[in-house]
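Position chain B against the provided structure of chain A, taking the given hints into account.
Respectively, the protein sequence lines represent chains A and B. Here numbering that gives the first Met the number 0 is used: position 241 in the first sequence is 240, and no number is missing along the way. Here numbering that gives the first Met the number 0 is used: position 34 in the second sequence is 33, and no number is missing along the way.
Watch out, some of these pointers could steer you wrong.
[To be verified] Where chain B lies over chain A, by a calculated footprint (3+ residues, C-beta under 8 Å):
hint, segment
1, 42-55
2, 97-110
3, 169-175
4, 282-289
It is worth saying that the hints were derived from the structure and are not from the lab. For each residue, glycine too, the CB sits at the ideal point set by N, CA and C.
So the chains spell out like this:
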Amino acid sequence: MKRPLILLLLGAFAALLLLTSLAVGSAGLVWPHETSWNIERQIILELRLPRVLAAFAAGGLLGLAGAVIQVLTRNPLADPYILGISGGAATGALLAILLGLPVLMQHLGAASGALAALLLVIALAHGEGAWTRHRLLLTGVVLAAALGALITLLLALAPESALRGMLFWLMGDLSGAPAPWYALSGLALLALLAMPWSRDLNILTRGEASALSLGVAVRELRWGAYLLAAVATALAVITAGSIGFVGLLAPHLARLLVGADHRLALPGAILLGGSLVMLADLLARTVIAPQQLPAGAILALIGAPIFLALLYREARR
Amino acid sequence: MIHRTPPSWGALFGLLFALSGLASADPRCVTQSDAAPLCIEEPARRVVSLAPHLTEMLFAIEAQDRIAGVVERSDYPEEARRLANVGPFHSPDLERLLALRPDLIVSWSTGTPAAHIARLRELGFKIWIARSEHLDDIPDELRALGMLTGHPAEAERVASSYARDLQTLRQHYATRPALKGFYEIWPQPLITVGDGHFIAESMRVCGILNIVGATASNTPSWSEEAVIRAAPDLLLTSPPARDFERWRRWTALPAVRNNALFVMPPDVLMRPGPRLIDGVRALCEAADKARAGMQP
Numbered sequence: 000m001k002r003p004l005i006l007l008l009l010g011a012f013a014a015l016l017l018l019t020s021l022a023v024g025s026a027g028l029v030w031p032h033e034t035s036w037n038i039e040r041q042i043i044l045e046l047r048l049p050r051v052l053a054a055f056a057a058g059g060l061l062g063l064a065g066a067v068i069q070v071l072t073r074n075p076l077a078d079p080y081i082l083g084i085s086g087g088a089a090t091g092a093l094l095a096i097l098l099g100l101p102v103l104m105q106h107l108g109a110a111s112g113a114l115a116a117l118l119l120v121i122a123l124a125h126g127e128g129a130w131t132r133h134r135l136l137l138t139g140v141v142l143a144a145a146l147g148a149l150i151t152l153l154l155a156l157a158p159e160s161a162l163r164g165m166l167f168w169l170m171g172d173l174s175g176a177p178a179p180w181y182a183l184s185g186l187a188l189l190a191l192l193a194m195p196w197s198r199d200l201n202i203l204t205r206g207e208a209s210a211l212s213l214g215v216a217v218r219e220l221r222w223g224a225y226l227l228a229a230v231a232t233a234l235a236v237i238t239a240g241s242i243g244f245v246g247l248l249a250p251h252l253a254r255l256l257v258g259a260d261h262r263l264a265l266p267g268a269i270l271l272g273g274s275l276v277m278l279a280d281l282l283a284r285t286v287i288a289p290q291q292l293p294a295g296a297i298l299a300l301i302g303a304p305i306f307l308a309l310l311y312r313e314a315r316r
Numbered sequence: 000m001i002h003r004t005p006p007s008w009g010a011l012f013g014l015l016f017a018l019s020g021l022a023s024a025d026p027r028c029v030t031q032s033d034a035a036p037l038c039i040e041e042p043a044r045r046v047v048s049l050a051p052h053l054t055e056m057l058f059a060i061e062a063q064d065r066i067a068g069v070v071e072r073s074d075y076p077e078e079a080r081r082l083a084n085v086g087p088f089h090s091p092d093l094e095r096l097l098a099l100r101p102d103l104i105v106s107w108s109t110g111t112p113a114a115h116i117a118r119l120r121e122l123g124f125k126i127w128i129a130r131s132e133h134l135d136d137i138p139d140e141l142r143a144l145g146m147l148t149g150h151p152a153e154a155e156r157v158a159s160s161y162a163r164d165l166q167t168l169r170q171h172y173a174t175r176p177a178l179k180g181f182y183e184i185w186p187q188p189l190i191t192v193g194d195g196h197f198i199a200e201s202m203r204v205c206g207i208l209n210i211v212g213a214t215a216s217n218t219p220s221w222s223e224e225a226v227i228r229a230a231p232d233l234l235l236t237s238p239p240a241r242d243f244e245r246w247r248r249w250t251a252l253p254a255v256r257n258n259a260l261f262v263m264p265p266d267v268l269m270r271p272g273p274r275l276i277d278g279v280r281a282l283c284e285a286a287d288k289a290r291a292g293m294q295p
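Same shape as in the complex, but just chain A:
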C-alpha cells in the first residue's frame, strides 16, 4: 500500500476511535435519547470529550517526543522519559497528592516539577567545555534515576489514603486530566515546529559527521529537538500522568507502517500515539465499568502484542 495512504488510514482510525470514545461510556453504548437529552449531552460534552481529547493529545505528544528522542540518541530503546522530565513532573505531582492538595495543585505541581527538571538538565549539561550529545542525555538519564529513587521514597512514606492516587498517577490515569486545550494546542504547535526538521532528522539518523558534511546545523538541531521533546513530554505528563510505553511504541509502529522517512513518520507517530492512548483509556473506562482502571496499565498490555506482531511480520518480509 502507498505510504501516504497508510497515514490517511491512521488518521481515519484516530477519528473513529474518538467518536467511539464519545459514544461509549461506563454505562455501555450510550447515545443521547430524547428522555434525558440534557444530562446525556452534558456527559458527552463535559466528561467524555475533554477526556478523549486529553488522551489523544497526551499520546500524540509522547509519540512525537519519542520519535525525536530516538533520532537524537540514535538508540531504538530511547523513550521520552529518559530525559528526566517525567521524573520531575511525577515528584511534583506526588508531593501535591501526599500533602492532600486539591487536584489543580497536582497539575501545577507536575508542571513545576517538569520545568525544574528541564532547567536543571539544561543548566548541568550546558557547562563549560565542548557540548556533547552524551553530556545532555546522560544528565537526563542520571536525573531520571535520582528522581525515580525519590519517587520510591515518597511512595514508601505516603499514608494509605494517598497511595492509590499516587499509584494511579504513576501508571497514567486520565480521570483527572485538566482541560485538554493546552495539551492540544501544544501538540499542534510542536508538530508544526517539528515538521520542517524532518528532512534534517532523516539525515541525522545516518550520523553526525555525514549530517555536518551535508550542511545540517547539527548543534542547533540537537538543542531545538531536545527542547521540543522535553516540552512535549512535560505537557503529556501533566495531562495524563506518567503513562508509559507509548513514547517508545508509537514511533516504532509508525516507522514499521509508513517507513523511516520522518516527513511521514512524525505525523504517523502522533496519530498512533494518540490512538493508542485513546484506545487504552476507552478500555480502562469500560472493561469492568463502572469500576475504573488506570489507562497506562492497559496501554502496555495492548501495545506490546501489536508491536511484537508487526515486528515479526517485518522480519519475515
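Relative to the frame of chain A, chain B by itself:
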C-alpha cells in the same frame, strides 16, 4: 493497598464468628479474624496496639494502663498521643516493638501485613487479630479486648451501649423514605465504598442506598459518569477528601439541586472503633437534612 476479603469469604467468616462466638465454653479464649481461638492464662499487662481504632477501644474499656505502645496516628483520646509509638501500621518498627516487651499484640486483619503477623508469631508473641470490617464486629471486639486485658465488665458496658445505640438508629431509620447516596473517599482517582464496607453499612442504617452496590474490592475506583447517571439524592465525603466542586456543575443531580452535599466529621466514620456510632449518627442527620430539602 488495603486488601479485603471478597464478600463470600466475609460471609463465611461471619458464620464462623457467630458459631464459635465469644460465648464459648472457655472464658479465657477469644476468637479472631481467622476463626482460630486465642487463649491466655492471665490478662495481658503490656499490650501493643497496631491500629488506631484498637487503641481507641482499649481506652474506651478503661484498659489504658495496660497499653505499652501504640501505632502511629493513635490520636484519640488525647492521652494516646503520649504513649510509646511503634511506627506506621503497615510497617511497624519491630525493634521498638520488641523493646516494649509486650505480652499481647492486637492487630487487624486488613491493616497489619500478614508477613508482619507471621514474623511476630515466630518471635513468640501472642497476637490477636481483629477483623474490624463490619458495624457488628465492634461490640464483639470490645468484649474480646475486655477479656484479654481483664476488663470484661467495662467492655460489656461499652459494647452493649454501642449495640443499643446502633439498634435504636436502625429502628428509627428503618421506616424513613430511602435515599440514593454516594460516598467519596478520595477524589483522584474517584474512590468510593462497596456494600461490604462498614461505611456502606452505616449508610444502610440511615436508610441511604449506596448507588455503588456490591463490589469485589470494598474500596473501588469509580466512574464519575456512573455517579451522574445514578442520580444520587445526597453526596457524602469526609476529610481529607472534601472536593465537591466537581459535582456542583451537574445542576440536574438531585443532590446538587437540593444542596445535599455533606462533609462528614473526620476519622469517626473511617475508623471501625467505638466512636463509629457518632459517625453513623452524623450520617443519619445528613440524611435527615437531605430528606427535608427534597421537593415532595
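Going down the list of hints, with the structure as the test:
Figure legend: the segment 42-55 of chain A, annotated as covered by chain B; annotation consistent (4 residues with Cβ-Cβ distances under 8 Å, at least 3 required). Coverage of the segment 97-110 of chain A by chain B holds. Counting CB-CB distances below 8 Å, 4 residues qualify, and the rule asks for three or more. Look at the segment 169-175 of chain A against chain B: 3 of its residues bring a Cβ nearer than 8 Å to a Cβ of that chain, three or more, so the hint holds. Restraint check on the segment 282-289 of chain A versus chain B: 3 residues with Cβ-Cβ distances below 8 Å, three needed, restraint holds.
The structure agrees with every numbered hint stated previously.
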